[in-house]
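There are 4 protein chains.
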Amino acid sequence: MSKNEDLHGSAPDKSSVALLLIDVIGDFEFEDGDKIFKHALPMAKKIAALKKRAKKHKVPVVYINDNFGKWQSDFKKLLEHALDEKVRGSKIAEILKPDDDDYFVLKPKHSGFYSTTLDTLLAYLGTKTLIFTGISTDICVLFTANDAYMRDFNLVIPSDCVAAQDTKQSAKTLKYMEKVLKADVRPSSKIDFGKLKRK
Amino acid sequence: MSKNEDLHGSAPDKSSVALLLIDVIGDFEFEDGDKIFKHALPMAKKIAALKKRAKKHKVPVVYINDNFGKWQSDFKKLLEHALDEKVRGSKIAEILKPDDDDYFVLKPKHSGFYSTTLDTLLAYLGTKTLIFTGISTDICVLFTANDAYMRDFNLVIPSDCVAAQDTKQSAKTLKYMEKVLKADVRPSSKIDFGKLKRK
Amino acid sequence: MSKNEDLHGSAPDKSSVALLLIDVIGDFEFEDGDKIFKHALPMAKKIAALKKRAKKHKVPVVYINDNFGKWQSDFKKLLEHALDEKVRGSKIAEILKPDDDDYFVLKPKHSGFYSTTLDTLLAYLGTKTLIFTGISTDICVLFTANDAYMRDFNLVIPSDCVAAQDTKQSAKTLKYMEKVLKADVRPSSKIDFGKLKRK
Amino acid sequence: MSKNEDLHGSAPDKSSVALLLIDVIGDFEFEDGDKIFKHALPMAKKIAALKKRAKKHKVPVVYINDNFGKWQSDFKKLLEHALDEKVRGSKIAEILKPDDDDYFVLKPKHSGFYSTTLDTLLAYLGTKTLIFTGISTDICVLFTANDAYMRDFNLVIPSDCVAAQDTKQSAKTLKYMEKVLKADVRPSSKIDFGKLKRK
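Going line by line, the protein sequences match chains A, B, C and D. The letter at position 15 of the first sequence is residue 15 when you use our numbering, and the numbering goes up by one with no holes. The letter at position 54 of the second sequence is residue 54 when you use our numbering, and the numbering goes up by one with no holes. The letter at position 165 of the third sequence is residue 165 when you use our numbering, and the numbering goes up by one with no holes. The letter at position 137 of the fourth sequence is residue 137 when you use our numbering, and the numbering goes up by one with no holes.
Mixed in with the good hints there might be a few duds.
Note that identical chains are pooled: a pair holds if it fits in a single copy or bridges any two copies.
Cross-link-like lysine-lysine pairs, in silico, DSSO-like; alpha carbons within 27 Å at most [what the hints assert, rightly or not]:
1. K35 x K182
2. K45 x K128
3. K197 x K45
4. K55 x K168
Please keep in mind that the hints were generated in silico from the structure rather than gathered at the bench.
Take these sequences, add in the hints, and give me the full structure.
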């Protein structure tokens with residue numbers, strides 16, 4: 001069966017630019033979760049502002065998140081869990097709660113491209129430029145960025161919209177991605193969506 | 001982030017056999033949906049009985065379903081839509097409603113292996129033998145079965161648990177899968193889970 | 001390291017159409033190899049004529065072949081073995097000997113897309129339409145065609161340029177590919193490269 | 001066609017450990033090729049010694065190399081080119097010339113796993129532990145190592161068997177791979193093949 005019916009008429013069908021939010025929805029209740037949360041909370045506010053501007057420019061937003069609960073969970077259940085006031089991550093989940101027309105990709109491993117539909121989704125959107133945000137800079141963001149570079153995407157990784165437990169490691173990884181992956185790492189306020197879309 | 005918390009302690013972690021349900025959840029409100037529904041309804045009853053026996057043997061059940069609504073939908077939303085009494089597929093969705101510990105894989109295209117987590121999920125389960133059920137025999141079942149054969153799985157495709165719009169085409173495809181993919185196509189009542197697991 | 005130097009300046013860099021030759025180079029010395037060889041020899045002559053016309057239109061030619069000898073072999077060694085007069089396949093290898101500017105893809109399994117560079121090669125060529133030729137219609141040609149259809153290529157499968165051991169099975173599979181994969185199965189003499197390229 | 005004939009009876013069929021040589025065969029005649037060559041030459045000698053010991057333990061050796069010449073080249077042609085005394089890389093190619101029973105994987109991009117047969121080859125070998133050697137530490141070695149980690153391989157990356165243009169960047173990347181990918185980075189002389197195989 002391949003007859004897809006469109007439940008979301010308002011979704012952008014085509015966009016040369018897409019905004020990725022990596023592993024922002026979660027409870028942050030794992031070991032050392034407080035250490036990364038400290039950096040993730042201010043980051044989340046920056047991402048929220050960037051997302052607002054992205055949607056004005058009809059740039060699609062893709063949540064890429066770990067597949068909690070052994071693949072049985074869906075994103076809704078994950079979101080409900082993260083929004084529970086008793087968990088640390090609820091403050092971030094509140095700020096970055098997805099809209100109805102946002103896309104979700106559940107990933108089983110570190111890279112958003114590995115064993116997921118991301119490749120196919122971006123091919124359908126016609127996307128050439130990816131804006132990376134989320135955590136953590138040196139693991140899931142880096143793995144996903146490497147895979148995107150290998151697939152010939154242009155990379156934008158606003159330095160204030162990624163975070164890691166260790167800020168030095170985060171800064172080093174950003175430098176790596178700027179040098180090797182040719183990523184544009186300007187802060188989110190300097191991102192010009194109009195220009196990116198004309199690229 | 002890769003710290004998966006286990007929300008579903010009851011889920012089977014390891015099983016050499018898995019039961020796949022392909023595209024059984026849907027509204028069947030597409031063109032010629034009535035023609036395939038006619039064959040899909042008796043098939044659904046056979047699958048329900050087979051699934052019941054599978055769960056007694058702790059064989060995990062994986063729903064593989066089209067990604068309706070341009071990837072924004074999750075499986076829960078899809079299920080709610082399919083359960084709506086106003087749509088044709090609700091009778092089948094009622095019979096085959098997933099349990100809390102069943103697995104879901106949303107596929108963007110015809111094969112359950114293409115651009116999905118299925119490969120990774122089956123590697124984690126340690127599965128070697130796949131039981132195929134669902135629709136339609138000559139398209140999504142065939143595409144997924146071909147991909148499974150190429151990955152060296154043993155294939156069981158009970159002849160009364162697959163269906164297509166054209167019954168002749170369904171029978172021909174079953175013969176093809178028996179001959180070329182070495183599939184065991186015995187009817188579902190003849191499946192011996194204990195034996196399959198010892199294989 | 002990603003600095004590719006171009007050893008083959010004459011190679012077409014971009015082409016919306018590509019011609020695939022599947023498993024035509026081999027010794028045909030396996031069990032029942034004589035049965036398929038009988039049909040493969042006249043097929044090879046048709047493919048040779050089609051290839052000649054393809055090259056006039058600067059349509060790139062891609063040999064997709066089994067990875068003999070446990071991945072240590074390269075295509076050159078495989079070709080030398082197939083050209084050896086003592087093996088049955090030498091007559092076909094002689095007719096279909098690759099040119100210096102043809103592409104080679106070694107596949108470990110049935111589909112030319114599985115665990116190979118074919119996806120990346122076709123993306124670089126910018127190919128949208130694939131012409132399928134080779135053996136056998138119901139296995140490697142079908143598996144590769146299914147995968148191509150799933151990737152949204154247009155399929156052309158000239159009925160006189162594919163073969164299988166069982167001619168009835170070959171004809172049935174062609175019908176399937178025409179109906180389900182929307183393949184154009186007209187005989188090779190009716191293929192209009194100019195038209196295909198303008199598509 | 002899937003009837004593989006075995007041209008190399010001496011090849012190890014199964015091995016829990018494999019030795020990877022990444023991008024060691026090449027002319028090194030690209031921009032700044034002299035800078036990396038300076039570090040690659042001593043590295044090559046270390047790899048040669050390690051490879052000798054690996055073969056004594058029947059550990060298979062896999063050359064993973066860029067796909068020069070737009071996919072038309074095979075590894076033999078690439079090797080001949082690299083062995084030409086007029087090119088800088090010939091000294092390294094002479095030291096690391098592959099044996100008849102070594103495996104070759106041509107990669108179109110940075111990671112040895114991307115769009116290649118590596119996954120399938122390692123599945124057939126039954127490999128769980130990968131020893132990484134070659135260039136450059138911060139690009140093709142890192143990309144391939146990330147992909148291996150994501151696929152649950154154990155990683156051994158002997159610090160004296162990898163090299164990059166910038167030695168500081170190489171050292172930083174090694175540290176990253178030790179910390180994040182849990183790689184064992186002990187020097188090659190300390191590698192105990194017997195122990196690795198019993199793991």
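Hints and how they fare:
1. K35 x K182: between (29 Å within a copy, 21 Å between copies)
2. K45 x K128: Close inside one copy (26 Å), not across copies (42 Å); limit 27 Å.
3. K197 x K45: Within. Shortest intra-copy distance 24 Å satisfies the 27 Å Cα cut-off; inter-copy 49 Å does not.
4. K55 x K168: neither (32 Å within a copy, 41 Å between copies)
Going through the hint list in order, the structure does not satisfy hint 4, though it satisfies all others.
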